[in-house]
Structures are given as C-alpha cells and as structure tokens.
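Participant: Protein chains in written order, with the working numbering: chain S, 35 to 700; chain C, 1189 to 2091.
In short, the hints are calculated from the structure, not lab data. Being a predicted model, the structure only gives us computed values, none of them experimental. Heads up, the beta-carbon is just placed ideally off N, CA and C, and yes, glycines get one too. Treat the hints with caution; some may be incorrect.
To be verified - The calculated DSSO-like cross-link candidates involving lysine-lysine, where the alpha carbons are at most 30 Å apart (straight line), are: (1) Lys201/S / Lys212/S; (2) Lys298/S / Lys504/S; (3) Lys501/S / Lys1627/C; (4) Lys1724/C / Lys456/S; (5) Lys1565/C / Lys1497/C; (6) Lys1285/C / Lys1312/C; (7) Lys298/S / Lys1497/C; (8) Lys592/S / Lys642/S; (9) Lys1737/C / Lys484/S; (10) Lys1627/C / Lys504/S; (11) Lys1285/C / Lys484/S; (12) Lys642/S / Lys695/S; (13) Lys1445/C / Lys1565/C; (14) Lys504/S / Lys574/S.
As the list claims (entries may be wrong) - Some residues of chain S that are not near chain C, with every Cβ distance over 10 Å (derived): (15) Thr219; (16) Gln227; (17) Pro432; (18) Met539.
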Amino acid sequence: VPNNPKSDMKLYCLSGHPTLPCNVLKFKSTTIMLDCGLDMTSTLNFLPLPLVQSPRLSNLPGWSLKDGSVFLDKELKECSGHVFVDSVPEFCLPETELIDLSTVDVILISNYHCMMALPYITEHTGFTGTVYATEPTVQIGRLLMEELVNFIERVPKAQSASLWKNKDVQRLLPSPLKDAVEVTTWRRCYTMQEVNSALSKIQLVGYSQKIELFGAVQVTPLSSGYALGSSNWIIQSHYEKVSYVSGSSLLTTHPQPMDQASLKNSDVLLLTGLTQIPTANPDGMVGEFCSNLALTVRNGGNVLVPCYPSGVIYDLLECLYQYIDSAGLSSIPFYFISPVANSSLEFSQIFAEWLCHNKQSKVYLPEPPFPHAELIQTNKLKHYPSIHGDFSNDFRQPCVVFTGHPSLRCGDVVHFMELWGKSSLNTVIFTEPDFSYLEALAPYQPLAMKCVYCPIDTRLNFIQVSKLLKEVQPLHVVCPEQYTQPPPAQSHRMDLMIDCQPPAMSYRRAEVLALPFKRRYEKIEIMPELADSLVPMEIKPGISLATVSAVLHTKDNKHILQPPPRPTQPTSSKKRKRVSEDVPDCKVLKPLLSGSIPVEQFVQTLEKHGFSDIKVEDTAKGHIVLLQEAETLIQLEEDSTHIICDNDETLRVRLRDLVLKFLQKF
Amino acid sequence: MGPEKRRGLWWCEAKALWGGACGCVERSLRRGGAWVGVEKRNPPRPEADPGKCRGASVLIMDPECSRLLPALCAVLADPRQPVADDTCLEKLLDWFKTVTETESSLQLLQDHPCLVELLSHVLKPQDVSPRVLSFALRLAGAFAAQEDCFQYLQQGDLLLGLFGEAGALGWSAWSIPSVRSGWIQGLCALAHHPSALHFLADSGAVDTVFSLQGDPSLFVASAASQLLVYILALSMQGRDAGSPIPEVAAWPVCAQKIVSHVQESLHSTAAPQVTQALNVLTTTFGRCRSPWMEVLWGQLSPLVASLLKRDPIPAAHSLVDLLLSVARLGSWDAAGWRGWESPVLSSAACGPWEILAQTLHRLSPTQAGPLALGTLKLQRCPQELRTQAFGILLQPLACILKATAQAPGPPGKSYHLASGLLDGTAGGSMTVDTLLSSKSACVGLLCQTLAHLEELQTLPQCPSPWPQEPLLDAAVIILRLCDGSADPSSSGAGRLCGTLAGCIRVQRAALDFLGTLSQGMSPQESMLQVFAILLKNLESPESSPTVLKKAFQATLRWLQSSVKTSGCSDLSPDALLFLGELFPVLQKRLCSPCWEVRDSALEFLTHLSQHWGGQADFREELQSSEVPMLACQLLQDPESYVRASAVAATGQLFSRGLQATPTSSENLQAQQGLLMDLMYILSTDSEGFPRRAVLQVFTQWLRDGHADVARDTEWFVTTVLQAVSRDLDWEVRVQGLELVQVFLTQTLGRFRPRCPYAVTLPEATSPTPHPEFLRTLCRLPLFEFVFRALFDCDRPVAQKACDLLLFLRDETAPSSGPQETRDGPNSASVEVALQRWQEGEQGQPLGDLEPEAMLALLRSLDLEGLQGKLAKSSDHIEKSPQSLLQDMLATVGMLEENEADCY
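The following block holds chain S by itself, in its conformation from the complex (with noise of 0.2 Å):
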C-alpha cells in the first residue's frame, strides 16, 4: 500500500562529535535515539584536579582582563600564557533543546565509550523508555562511569565557577575559551546514584537478537569488531533499512569481529565512529609506544600512560607482555592505577563469548583469553585502586604506570604528572586518541619530561569505509560533516574524507536532516477468509487485479484487512451502537475502471459525437481538451479525470460516457 510521503524520516543530531555521537532517529512513529556520548574535552578548558595538594598549581596567578578588571582572577587562573578556569571540571551535553527528549522511546548504545551521557538524558529529560546495550557495554560503561565520579568526587572542590560563562565575559577571555560553544549548556558530573539508575533503565541484548519495537520496527545489534560488546545497529521495517555504523574496526584486535555482510542492502547507512587519526597506522603506534617505554626505562627514567581503564589496554598489556622480555624488561614493574582496574582485569576474562575467535578457543584450553593474567601472576603488573594505600608501599621505580584521566585534568594521572614532569628522565606516552595531548599537557607547562605521541586508534580509516561501501552499496550515506572534507590541518589529503556516490548527506550539532528516502510502501495482512472470496482478474498478462472489501485493523503498526460485517439488517432496536463499533455503510459496489485515454482518438471521438471547436493543451500532467463553445473543460491526467461544466448535467453526463468507452471495467 502506497504510504503518506509525510511519514518520512528525520535525524536530529544532537552532539557535533563524530566519535562521541547522541543523534535521534524519527522513523514509522519510533524515536530512537542512537548513543549519546559525552564530548568531554570540555574539560582541557579547566585546571587540573590534583589528589594531593599542589603547590605549584594552588598558586597559579589570576587572569586579568586587559582593563585590569580583576574580578575573574578567582575563576581564571594562567599557565604558561593559557587560561584555565579554577573550578570542577565540566561537560559538554547533547543538544536538549532540539527535540522534547521525553518523546524518545528508546535509546540504542553501541559501545561503552558513547554511553557516557546517559544519565543526562535518563534522569533529567523526562525520558520513560528503555535503553539497548550488551552487557559488556553495560559492564565496561559503569567502570568507566563509575571511575569519572570517583576522580572528580574524591577531590571536592567547594568553588564553581560561573562568571566567565557570562555571553559578554566570554568575549573578551583569550582562546580557546573564547570560542568554547555553548558553555552555558556545560554541566558538571552525574553522581553514582544517577549511574545507577540510569544503568537500570537498560535492557541486555545479544548480537544478532531482534528486538521489536511497537511493532513499527525490529532492531538488530552486530559485532563492530571495536571494543568488547560494542555493536552497530540495524533498524528496519517490512520496507526499510537504516544501518547505524558506530565505532567499529577490521583489525583483529581483542573484540569479536565486525559483521559487515549484515549491513548490505540498506537504505540509509549512518556513518559515525571513524578514526580520529585517520594518517596513524595502529601497528607503527604500537610499535612506537614499545620502543619509546623500552628507552625511557632502560635509562633509568619512569613511564606514564594516561588511559581509559579498558579498550586498548588490553592489547597494550597484551603486546607488552610479548615485548618485555625481548626488550630486557623482565623486571620493571608495570602498575595499573584505576578505582576500577581489578574489575576491568577481571571481566575483560569473563566475556568470553564476545572475544575474537582465537581468545575464545583459549577458554576451552582452559586458559584465560587475555594474558595480562599471567602478568599479574607473575608480579609484573600490579593494580591498585589509587595512590593511596598499598601502592606507596610497593612502588619501585623505574617503573610504567597505566592510569587515567587521559584528559591529564582528575585522576591519579595528575599525580603522576605533578611527581615525574620535572625529570626529562620519564616519559608521558599518550595512546587514546580523544584528546589533544598538546592541550592536555598545557596545566602543566614548563614541562621536562619527554612527551609522546602515539595514538591508538583501531576504528576504521577512510580506506577501509570505502571498500566497506563498496561492498555494502547502502543506498544513502549519512555521517558528521567532518567526515566531508579533509581535516583542516591537511587539507589536501583528499583520501581522508568519504568519497561515495551518491555523495555523503553531512550533518552538524543540531540540524534536522530529512533522510533522502520516501517510505512508499506498508505491509497489510489479507485474513485467510478474506482472501478466499478475492476473485482476481488478469488484466495484462502475468497481472491480475481483484476488488477488495474489507475493514482494514490497525493495532500495533500491524495492519490487516478483515472480511467486512454483514451489512446488518435494520432492526427497530432503538438502541445506540457504540462509535467504536461503526462500520462503514457497505454502498453498492461500482466497477472499477482502468487503462488510459488516447487524446488524439479522445478528440476524433468527439468530432464524431458532434462537438466542434476542439482544442487540445498540454499541460505538465497531460491534457485539458478545450469545448470552447460548450464553455466545459475536460482534464486528463495520469491519475484523475475531470470534466468541469457549468450546470450542464446532461452534456457532462454525455462527455462521461465518452470518457468511459476508452476504459476498462472490472
């Protein structure tokens, strides 16, 4: 059944981050909501949170406006030439303006890293439906939560700043400040009890389940080969497919790999999640990360990883533990700092079924998948939930040390900042792609340790989402606008944007895209009694036409056609039939008519039939045959036949039966 073109579909893009992306998908009467990730390099605008009390950063000086004004100097605080503002770290929200986040039914996460603004959007918008994850996104996201209130929580800080968010302060503070957008919008972190709660709005859901939403639509969650548990999605009706590609990687890293065959055919393909290095090649970074740690220990000198508590850790462990002996490192003690470490270590083991082929055959051995057990059996990593306690016993240097925040703004990370920056004998090796680490580091400024750089970012570059593409052939691509163009800094790398046809429908913060498909057809069940009495016709060969009288049900976005009630029979009973129990008045059926009118034979026709005077227009849609001297108009188009005439009943009555001898009747 052709359907109302109105019901198409819309995105409402809520985050202007391509990896950390919250859009909203209006389709069939649905509002799902896709991620919602928290852009949270809003927090390299703020000083640092140290664990323990720092004397170089508590007595940074005030900024003061070029007039001298003074009266921010207890907000903002410069380093080095930048400005930071003195308060609780802040983050950057999705949009919550663009659509009333009430309406959204359900929200859809694809991994843990694009989870983390769900308790904005669970306790504090109204929402009342169900969120979708697997479980190791739901695990691994609460670690991660968990470990972004504890940081911030466990360093209180009484003061929050607000002046500076002033629209007319704003303007004169220097960069990035200055053009920090939004930042009225900013919000500080969600406490564990909104974690909570948020987390039980969740449904678990395996790769490959359909889930069924109102009936409407199914939604299917595949393997995106990312991290443990991450999944792209597959939304579809009887008639539709929109595929929801969200960080996902080729390389076979841990996570089980990405499931492509499943995402052909789509209609639209929404495309987010894509390297944020895209000119790094994971290998060299590793490879960078292992020879600069061999060196920096070898001389005597300590290494600092700023890091998530799960995700390429893992494989970091996992090549380290192949490397160290080679490299002589057998003895350096290797310390993972994280609130959450001991339960990151241990469920990254338990998931055995979302591991990649090879870790799961190891747990029939049995064995454990990953083998950073054996680094722990072995005392060569340890994990501490933070500085404090055990830690300042066992600590021997020179050492490595995996701790977060990568943002180097809350954590144990700023410790270690604070303790090994003044050596140029350590070294700082930034592996997570989210932030800029020239902007991490700026708090901390004059820096004497060695900084590196080696990136590690496993989701797909643009080569691999062009043969994707080519294989999956979607109809329509959607993605972030900076996936359009080059990146700015290489602007002729033309090869590091997407490059498809029909070219990339690009989307920023808050926009409203139409999707670029008509939804044209709907499914309606025939009730097996109904069907029985259809007596269809041929009409053209290998078509067959039959007239159809029915109720059409519609319960559930199910539609079904049921035999109509015998017309019932007028009964004397006065009593009221209930409107709900209506049905329509059974009229005497009329045949119905099909083919087409020739225009020419049309007007032949009529010459025959006495009218003179005949002109014929062409119009955009076919013709209006003119009777000038009768004043009557007859318009033929494709769909519709009109014969207008003034109070003439007989002659319409008679270019009528004219019309009708051209056509078909069944």
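Fit chain C to the given chain S structure using the hints.
Facilitator: Frame of chain S, contents of chain C only:
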C-alpha cells in the same frame, strides 16, 4: 635430501677410498712397521678427471645398456605396464640425445632394432599411453636429426606415419597437450637438414603448426612459434653466401608460406593473432643474424608500422619486444652484416629507427617505458632517438615535479627543475592522465619509471648529461607525497598526495632510486634535503619494516657519497650533523617490537661501524648514544636472525673498540665479557644463524689479531673447536674449518717468517716444518676436529677438511721419501680410531698425537683421491644410463608386484 640420505650416498665412496688407503697402512704394518704405502699415494686412476669420467660412462652405449634396451622398449610398448614417472622418460630422452650427438643414429637403430619396433608400435596409438606417445615423437625427431637416419626412417614411411596428417593429428590422443607438444618438439629436432624441409613441405605439417600457434596450452603455442622460426631459418639456410638475397617472392615455397602467414596475421584485427606474428618475428630477429632478415624486415616493416595507426595498438608488449630485437640486430656490426644503414634498408619504407620513434610517441607511458629503456641500452642508436627515449622515461617524474610546483605566483624551483627534466619534450598529458587515473596505474607507472632510471644510471650507456638535481628533487618529492608531508599547491598534486599517501611500493622504489642517485654529484642543498627525507623515513612510526630497510640502505649509500664529496675519508660536516640525529632514531629502532626492524637496524649499525668505526667524530657520536649498549642487549633477542645480526654488530663494534661500556676500568672486563657471551652463544644457541655469526666474528677477530684473541690464541682455538665439533649445523662446521685455516696460516707464518724482499734460494722455500709449529698443532684438538670433519656426512665439510689437510700436508711433509718417515709410537691407536670413525663410530677420541705420527698419517692418506671423489655430486654413481634403465625396468616390475598384492 636430508643429511642421513646424503650420508648414505657418498659414504660408501669414502669408505672404499679409505679402505684402499688403510689397506696400504695395514700392509705396511705387517711388514714390520715400515711405511711402504707412500708411493701409492698418487696411484694412476682412470677416473682422475671427473668430467671425463662421467662423460665416458654416459655417452657410450655399452653392452649392458644394449642388453637392457629391448626389455625396456617392450615395457614402453606395453600399455599394461604404465610408466610410473615422467622424469624417467625425460632422462631417457636426454640420454639418447647425448648418444646421438657422438654416435651415428643410423648405426644405433640398426644395432638396436627394438627402437624402430617401438616407434612403429606407436603408429597404433590406441595401444600406447600418451606419455610414451609424446616420448616416441620426440625420440623419432632426435634420431631423424641426422640426414642418413632420416632417410632410413623415411623408407618405412615411419616419419610420415608419426608426423604426417595421417599420423599424430588423427589420433584421439592429439587432444592431450603433451602429445601435441611432443609432436612439435619432434619436428623441431628433425628440422636440421634439407631433406627435412621437403618432408615438412610435403607432409603439410606447416599448416598444422600455424593452427597450433593459437593452442590453448601456452607451452604448445610457444613451441609452435619456435618451430616456425626453425623452419624459416632452415629454408633460408645457405642463401646468405655470395649472391644478393632475392625479394621474398623468390624465396623457397616454405619460407614464402611462413612469411605470408605472418603477413596475414599482422593484418588481422584479432590481437592474439597479431601477438603470434610479432612473437615469431621477435624470435627470428633475436636468434639468427643473416642478411635475408634485412629483406624480411623490408617486406614486413610497413605492416608493423601500420599497427601503430590502430587504436588501441594491438599487442603492444610484443611490438616492443620485436622492435628492440630488430634494433639490437641493427647495432650488430660484425663481418657479414652491414648494419641498418645498408642500401636495402634505407630504401625500405620504414627503417627501424623511424618505427621506434613513432612507437615511443604512440604507446601509453606504461607501455613505452620498457621500450625507452631498451632503446637507451642499445649499443648504437641515433642521438635524437636516445633523447626521445630518455624524455619518455623522465616524463612521469617531470609531471610530478610540475604538479607540485604550480603554486600561484612566480614559478618556483621545482618548476624550473621540471622544465630542465623535460628539456622541450612535448606532450605529457598522457602521462598526467595515467598518474591521475587510478591508484594502481599511478603506482605502476611510478615504480616502473623509478626502476628503469635506477637501472639506467648504473649502465655505461647512461645518458649524459644526467639530470641529477631534478631527479633528486623528484625522488624527494615522491617520498614526501608518500609520507603525506608534501604541501601540494595544485589539485593534481592533491590527488597525487591522496593516491600515494602510505604507498609502500612507491616508497621502496623511490628509496632504491634515491640510493642509486647517491653515485652522482649533488649540490649541498640537495644533500641536506636528502638527509632530511631519509631521517623522516627512518623515524616515522608509519614506515613499514621493508621501507625502513630500504631507507637504511639508501642512508648508507648517501653517507658514503658524502665522504666522496668531502674529498677525504672523513664524513662531511652535514653528514656528521645528520649522524647526530640518526643515533637517537637508531636507538628507537633497536627497541622496536618488530624483529625485522631490529634486524635491519643492527645490520645498518654493522655497516656504519665498518665504514667509519675508525673516525673520531663518528666514534664520539656513537659512544655518546646508547646504541652499543642496546646492540649488546639484543644478543639475547628471542628471534634468531636478530641474535645473529647482534653478534655481527657487537663483534664489529668490539673489534673497533666501540664497546658499550666506555669507562676504562671496566673495559677489559667488558671485552672479555663479550668474548664469553659469544662463546656461550656458540655452545648453547638453539638456532644455526647466531652460531654461524659468532664463528664469522671469531674468524675475523683471529684474522685481525684482535687483542682478546691474541692474548691466548691456543685457548681460544681450543675452546671454539670444542664447541664447533659438536655442532649439528654443517655451515658452522665449515666455518670452524675456516677458522682453523686462518689459525694455521698465522701460526705457520709465525714460525717461518718470510721477508718479501729477501732473496731466497728455491730449496729454502720448503724447509722442514718448525718443530714448535708441529707441537702446537698436536697440542690442540685440531687434528681430531679436522679428521672428524673429513668423515662428515655433509660433503662441503668433508671437502673443506680435505683441502685443509692437503694444505697442511704440503706445508709439513714436502716430497719426503719413505725413508724419512718413522712410525710414531701412537700412530697405531690413531689409525684404529680413524678406522672406527669411518665406520660411523665417532664417539671414540683420537687420543694424543705425536708430530711424527701426524706427519706419517698425513702422507699415508690418499687425499687427492678423496678430493676428486668429493668434487663429484652425490648422485654420480646412480646417474648412469644403466641405472636409469634398470630403475625403469625395476619400477615396472615393482608395479606388477603391487598389482599382484592387490589381488
């Protein structure tokens, strides 16, 4: 073949030989201890010359072979007795060919009627397997290569039966490619005399060959083309001398037929046919050099030239081959050939140079590249054409330079360089199109161009002046496009950047080319540019291991060239600055988790210190870095290749005094440490490569008189030999013998100082050996080691040991008569031990050896005989015609047995 098998093969010979020698000793012992076996040291041996020996046994159709032949022929003719192995038939055919080379085929057939029977039997092909059929066709061809034998076979219509239309062509087995191939090869063998030519013409074989040119089997098709060339050459044979060559229309029928077939093919619109024709011509012009070919070219060149007018040009690759083949012929200028400037040729419509020029102009850049290179390699070629060809080779690079130089404003440096490179050559749009059309086209063209230019630069025909500076610039720009650091100012360059970014193939080719360019003279500015791009490639984490290896190689070449430009053996100031930045990079690479990277970094380090280890600035830079320490640590690398390279690198560093610990107090200990480390590797490492590397280092140290070794050479040699004698790797054992040889030469030199200026009498040059020298030899486990090696199951070890003993014997026991020799007190036990060794019981030690006994033993051994035996390949006994025939018969017998087993 495993060592066990090898052992079995030559072991018996050594035994036999040793048995003879020992028999001597035994006899001498029975005669009361006098060494009477000495005169038998060089017994006259019929097989003294191994080549002769083999030749004689292979060629002669001896009675044994004659006896076996009928049985074999019967087996071959019997379809119920399948021949198990194709290679047997090949060997058999080879043998017959060798026999017919020296003997009369006619005689052979008359002596062995079974052969003719076999061939006649084949005429009933339903009874023969295709393998035998193919064999018989080739065998018949081989026999019929001699004219009298040809006549003999013709009498019975045997040849017509086999090769004629009623023969092979009609068989159902014709559908099998090996049969068709056998038919062609048979005819190829046969086409050697005028009678064969008539036969070919009468039998209609030529038409069949024409059709076989398009055979689905490539082997058959190629052989068919070859056969046409044979026939053409044969029919023109003898027409070269004296009278001028007539026009093609007056040529023999057969030749005319082939020429007109080629002409027809050249007219064809089907590319495969054109390819076939061109291939025939290429082979013709490539293999013979006769004046009639000039006429042929005169006839066909307009047709060849007309191919250029078609679009697309058909069979471009074959066309290139043909033109180069013709051009090479033209440059040949020996007697009897007048070169292309002959009157006939100049009157021809299209001279080869004109066609070459047109083709260069018309072909796509990728197709024109090989032709341009071939043209430039010609010994003689008009200068104009060379310029054109060189322009074509340079064009892709000129386009790259141009594309990266189109900045708004006045043209920059690279623009000028581009125009310098092009030198007025028009065109280039085709090249630009290729470069921009697709990644594979762009990469293919660039890699080809870079490889061609690289090859060209090393040739004597290298064009002069060589555009060194623009080429250098182009190579650097390509590398920058590959690593994404180029700043493209035009859209074309932007696309190039996108295409080439991260392209390993182009990076490797460009680095190779850059390395070759180091041979030319480059301005200082360019050198700085080169060092910068090399450093970038060396330090980039994106460089793949193979790219890195090429970058190391190129770096080494440029450092060497910098020495050349600075005029003395020292590194130039620029190079020194570069070294300062290089060592931190090298440090990082030595820590790479990728073993290939660690390995090539170590190799690079070895080369560096080999070249500049003596130079103060270099030493300072190296020692202030952690490179020596890291190299030392890599001796424990888990990867054996890396350990081997680390051994070579540290060995080199230590012999240059560039060891890891620079503090003088620890110096001695550190050096001793390395010696012990290497000894440890030699005796414990599970892989062969590191152990071989250790021995190479040790041998070098011994040769150089390295202090650690010189301090106590005897201890050193003893320890090394103890470790090596147990080694399972034969290369290690050979290397051990090498070390022994160096030691012997040195020790000998020490006891027999020779002054190069001293005038000595001839007899004085061969004095009796210094007693201390002999005592030294006997003190060390040297003899035990060498004698064990003499019985080694690996031939190279035994050979080397044999050479060594010969050297020692010549040095110690020169032409001494039996009366001088005395039986040492312990020589008996030594002989017993040796005898046991040769029987395979190597556990027993040799025991102490007195110098006299050692000398006696040396003289008693038939070392020359052993050397001769060892020089032969291990299968020389099996490789006789008898054994081949016996094998074949035995296999059939065995098959029968197996068959019986089945029931």
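Participant: Hint by hint, say whether it matches the structure.
Facilitator: Evaluation of the provided hints:
1. Lys201/S / Lys212/S: The given pair, whose Cα atoms are some 9 Å apart, holds under the 30 Å limit.
2. Lys298/S / Lys504/S: holds (10 Å)
3. Lys501/S / Lys1627/C: holds (14 Å)
4. Lys1724/C / Lys456/S: holds (29 Å)
5. Lys1565/C / Lys1497/C: holds (26 Å)
6. Lys1285/C / Lys1312/C: holds (25 Å)
7. Lys298/S / Lys1497/C: violated (47 Å)
8. Lys592/S / Lys642/S: violated (52 Å)
9. Lys1737/C / Lys484/S: holds (27 Å)
10. Lys1627/C / Lys504/S: Holds: Lys1627/C and Lys504/S sit about 16 Å apart, inside 30 Å.
11. Lys1285/C / Lys484/S: violated (76 Å)
12. Lys642/S / Lys695/S: holds (14 Å)
13. Lys1445/C / Lys1565/C: violated (35 Å)
14. Lys504/S / Lys574/S: violated (39 Å)
15. Thr219: Holds, because the least Cβ-Cβ distance between Thr219/S and chain C comes to about 37 Å, which exceeds 10 Å.
16. Gln227: holds (44 Å)
17. Pro432: Consistent with the label, Pro432/S stays out of reach of chain C, its closest Cβ about 15 Å off (over 10 Å).
18. Met539: Non-interface label stands for Met539/S: nearest chain C Cβ at 22 Å, farther than 10 Å.
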